[in-house]
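J.: Bring the two chains, given one by one in their own frames, into a single complex with the hints.
First to last, the protein sequences are chains A and B.
For the first sequence, the positions run 0 to 365 when numbering that gives the first Met the number 0 is used.
For the second sequence, the positions run 0 to 517 when numbering that gives the first Met the number 0 is used.
Check each hint, because a few of them may be wrong.
[As the list claims (entries may be wrong)] Straight-line Cα separation of at most 25 Å, PhoX-like style, residue types lysine-lysine; simulated pairs:
#1 A/Lys235 <-> B/Lys383
#2 B/Lys64 <-> B/Lys24
#3 A/Lys249 <-> B/Lys24
#4 B/Lys326 <-> A/Lys249
Worth flagging that the hints you see were computed from the coordinates, not collected in a lab.
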Amino acid sequence: MTRDRRLSWINGLLLPLFNVLTAFIATGIVFLFIGVDPIEATKILIYGALGYDEGLGYTLYYATNFVFTGLAVAVAFHAGLFNIGGEGQAYVGGLGTALVALYMNPALSAWIVIPLAISGGLLFGALWAIIPAYLQAYRGSHIVITTIMFNFIASSLMVYVLVNVLREVGEMSPESGDFIEASWIPFVHDVLANFGYEVTRSPLNMSIFVALFFSAVVWFFLWHTRWGFAIRAAGKSNEAAIYSGINPKKIIVVTMCISGALAGLVGINELMGVQHRLFLNFNYGYGFGGIAVALMGRNHPVGILIAAFLFGILYQGGAELDFELQNVSRDIVVVMQGLVILFCGGLEYLYRPVLIRYLAPVEASE
Amino acid sequence: MTKSNIAIELINVDKHFGAVHANDKVNLSVETGTIHGIVGENGAGKSTLMSILYGFYQADSGQIKVFDKDFRATSSKQSIEAGIGMVHQHFMLVENFTVLENVILGSEGGALITESLANARIELTRLAKEYGLEVELDIAVEELSVGMQQRVEILKGLYKGAKVLILDEPTGVLTPQESDELFRIFEALKNEGVTIILITHKLREIMNITDHVSVMRAGKMVAHRETSKTNPEELAELMIGRKVLLNIKKSKAKIGKPLLVAKNLEINNEQGLKRVSEVSFEARSGEILGIAGVTGNGQGTLLKALAGILPLTKGTIEIMGETISPKSRLNPEQLRNLGVAHVPEDRQKMGMIAEFSASETALMGYQNDKDLNQGIWLKKSLVKANCASIMEAFDVRPPNPNLMSSNFSGGNQQKLILAREFERDPEVLIIGQPTRGVDIGAIEFIRKRIIQMRDAGKAIVLISVELEEIMSLSDRIIVMCDGIITGTVNGADADEATLGMMMANALESPAEAKGAEI
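Just chain B, same shape as in the assembly (with noise of 0.2 Å):
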């Protein structure tokens, strides 16, 4: 390959974050024309070297050479001006502006933004139809979809100039039919000369679109691969650093009586809209119920009430041989004592508290517990006994009842999450993400757990955006789409493309009049 063939070049990358040795001696490049993907686990380093690309920091050594260029970028507007865009895993955009207004945000040009208005409405319309990416460009943002938005982020980075793309995660909030779509307009981009890096987790992504896949664990840039000539396996084994089970085994399940039965709920959100409707569903003794669907379409109102946080308008749920109903509520606390345990989807607001001790995130729900109680006084050496004992059932690292709990990485969190609800035996587990933002070693872990609290003979639903763990641990799969049940199939019979069909709430089927049109 000839020199003037590499669109970024990194050489010996070295980044520090106090005692975190972020990069270590990175090095990196990437061919023009070409989608490069880059794999690792959460902390590996990937989002710090891609920061670094884009100028949010500055590497402490090394050498960066863009087009053949030396590059050092001290602010994102330099990385602009040498053709690096980034599409974050959180959208820059504001929601009440429209397309257009989105896409000259930062490059104004002047007092009166009439003209470059009008300017950049003809480059727009000539970048849709050069790449395939149309948009209406006087809709306000907040209007579309999330897949919509994701197409403004690419259509910004364009029409600034990027000739190389970064994409941090971006079919995490995707249906697999958007994610398809997506990689379409990449295969476009690819053919009109625009470099890509993808920075992903899901193997199967990095096995579909990528040239290139290069894998960084701990820091270091473990190894550099065509992807032609690897294997997800292979990829797994380098990003962690020994062989995995992705595929966990499980026996076939002892399906007892049902422990939860959900009868027509109707569930408004925390702003009081109408999320859930007609939702009916039974979990049982020794099975995992996966519930399907893209982020936001129902699931997480759904979690929220089962664990009696929001209240029901409509239907009915009989758990453990009490009923709820929108007239007699059970609070979090009262299914607790009933046996309800509830990992909730989102670990950092709602599961623990950043600035507590490990064993009062442990505590949490519990608090009333007769047994760390004496009278009036909260026993401190029974809380921290307690945490020290769940924290070695379920190997939280490091095993320190008294270190704040934000001190912890994100797979240690959520183990120490899983410990406290999963250690007082529950019989009803309602589990959001377990193993979101996980690294994959603990991933391995937790779902082992929850197949062995379903082979303890629980009830287990499961909410995840991570189809491929829906698929691999559920016994029955739910999908939900705009707040409705648009599918349910056998764990052992589901297929990714019927899912996601699901999902989109796109399957004809005649049990549902009103389905929308492939």
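Bound-form chain A, shown alone (with noise of 0.2 Å):
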């Protein structure tokens, strides 16, 4: 194997393991403080999240938000930007498919309606992350700035409408009424019942299929098209970009339109696939678990879809810990999720010195 070779299973392999290992050491640390056994709570979790239908099912279906937002703050930092908007694109996105979803002719058929309920995702979510883009790309404000307070905006922007506009007369809570039947997006289990296999009931629906589908296609565009090269070229240096005859400015634009569609895309898999109605906070944390996952996976399509599968068991397993364990509640997951930001992100390079001494040490040349 060559020295390029091995560093890039350096880079690309082995580094975010140690850094995920390290962070589950370290959650093993917490869980000691806590008085829980870090062993007995590792069986829980895996178990949890992995060893029954059912939990299995919810695991991938947490995974399928974390690899639409993973997907959107990885085609955002190709570009060289930080897109902390994520929670906000995922949440006015879901309006969008909310909107077609309640509004159309429910005699249509479910092949007309669940592509269009999906473009409406995809567009709120994109003119969601519009105006921060053209703020940053025309007016210089920092994207970070304007994403996390689009994210504020948005809330109080659903809030209002769930409230005043799409609350059902008669109705306490704010949530809109039930979307036509055309746009449910069938459950997994409901399918292979079909097939003739039976596993249990688990909010796990054909959405996970639309996130493979996309991360496919963010992979085929970044690296197999044009403009995925312009993008890629605009985030390593605007000059170079300039240069090349690409505008920096349009590129801002268009890959946070991208970023912002793919956020939008979590409604797909909650509302269509799941709750068949609007409600608050349907969002909540998967625009902020989606920077983790993009960190850990390198913003890799195949990456992130490793971390997000990672994610998603430590969401459920996280939840089985809070059923099982007295002293344990489920913000361990947001413990563990902090822990592996740290590791994975702030820490990212923390082994390379080692391993690259151990591994690909500089070898004599010619």
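T.: Structure follows, in structure tokens:
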């Protein structure tokens, strides 16, 4: 193996692996402090997330959301943009989905309604990203600041819309009425039942294939089209991009639209797949989780799929921990997530020098 | 020579960076009170050697003696204490501090600096007198010319008690006149017993100013010479290990019709400051038009406007039948499609993307090319094949399209960029600093290719800070100073003195009503 190959293995596989392991060890230490046997906890977590049909279903269902937001963060990252607004873009994207799914003619076929509702999510997610993008590109406001602020605006906007516009007459809770049935994305357990396989009910639905599809699209787009090339060039060097005839300002706007559109797909899974109505905070935590997923997956769709699965495990396993152990609350997931971000993001290159020294030492050349 | 006469002695100094043998058992002795030149190609190990002396790196093995004392620096502080001062290629000055404040930086001595400022003022006045290094002390460094800033660096070294001054490529940013002034300072320093080590790749300077010269090649010290007993040809041969043609022979230019006509250009730089005004010229088929000038006198801004990166604020450029004006811009892509190639001045930041593979760097600017795209699909296999073929045409080593761009040497990166721009058969070539930071072997190759393009009837606009390069390549030379054209000469009639005067806008001529006095 050439040194370059070894280096890419170290960067692409070993480094994230070591970082995640460190995060888990750190979590284990936290467990010890709160008087929980880490080995016992790990067993519960793994079994709860992967050990039986329903658990696995939940894990994959959570993972689906993380794929969408992870891809969103990654695409922006390749253009050198840190999109922290996944939370808001997912939220408003859900509104786009809901508008289609609530008000389309119920007699239409699912084959028409579902793609339209998905497009609604893409469109509204993109729209919610376009203002911060414009401000960054043409007015010099930093995208990190504006996207964070847009999360808050999205949150207020959705409260207003749900309370004052979409809430059904006579209902107390701020949520919309039911989506038309043609917009429901089938559950995986129902689909499997059609083929004669009995699995326990879980929220896992066919949106997971939408997530896989968009992972492939993002991969192809970034590395196999001229637009992807332009985005990556602008992300690496503004000057080099201008030199190459690429307009970095346009790239910022276009990339953020794509990023926002991807985040806007969270509603597909949550709303069209599971709840069949729009409600408050359905997006909660997935936008920020996506940042961790993208960091851990090193902004590559394959890495993001793996990282999203891991986060699905943490979410589902964490819920089980909460259920099984008295002195553990669901917040432990947030702790783990924080530690993953710390070790995969902040301390990304902690082990790199050591790994390089032992696995890819500089060989005598020539 | 007696032992005590040696300021610096290196015995078998060895330094590895991983597999790279940067310094291979280097021996060097520098006599006190002399000017000692060290020449070598990029990557020959000169800078590493000096960094070891200055305490940035530690040698793996070997011995260093400074004024007969064993010396092993682990920080620049120890080197300063031992009497070694260094003037870096890129100045280490705080721009908005005054000269005085810059000089005491690092030796403030206490919580309050009033006293050390007062002491420094007395000491600096003395030094300035002694060595002829007059600088105004209370002016912010950013207000000073580059030559003056360099003086501040030298003063800084002397103030800290340097008996040995190391200067890394000190003339790269100076006009010939400023360089001469610097050399006069060297003489004064030398007469006061200061030892000077001059690192450079300009053989002319070595011949003019040094007493001794040492040549490095591939980490080894290959020769020591008394300057009076050697010549540039011998030094060049020692540097690269074979004979080189520094002056490329070229046939007489067959000049055709103008392909690029610039009229009354006025251009602002990226910060919106006016850097070019009233510039008019023609670039004709079959000729090389050289634009000379000290760095930062508008040439770079002009180059970017010609390539479509910066807009014009006044004037027009007629290029390949199209007209660029403040109202109608052409972007870099449109210009490329018209047959205008651009080799940017800043290879690292603009010409390539370090983290991209060679094939992606070779794609820059041509990503929308129909031959490489099928519908929405950018065909990687074609991109790589294209890169492999231009690599072969320009002998880029290693010829591996998958290698990361930053893993190529400077010379090979530059060849890759030139290959990308030349191999598309453009009609007009806009070339900035084609051989900056490139080793001598590659310089020869690159210059030959530029002349080949000229002979093929292309119009070439060449910007270089190397006067020697401008003079050996250009058929016609225009000189810029402060954003205006201060002179035009025929390539054949050009001499360094005249060009130097023009570069400083110090030439009395009737055309220049407001020409400064000499």
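J.: Please work out if A/Lys249 and B/Lys24 have their alpha carbons no farther apart than 25 Å.
T.: Status violated; Cα separation ~54 Å.
J.: Is it true that the CA of A/Lys235 sits at most 25 Å from the CA of B/Lys383?
T.: With a Cα-Cα distance of about 20 Å, the restraint between A/Lys235 and B/Lys383 holds, given a limit of 25 Å.
J.: Does B/Lys24 sit within 25 Å of B/Lys64, going by the straight-line distance between their CA atoms?
T.: Holds, because 15 Å separates the two Cα atoms, which is no more than 25 Å.
J.: Regarding the pair B/Lys326 and A/Lys249, is the alpha-carbon distance no greater than 25 Å?
T.: holds, 21 Å
Comparing the model with each earlier hint shows a violation of hint 3 alone; every other hint is respected.
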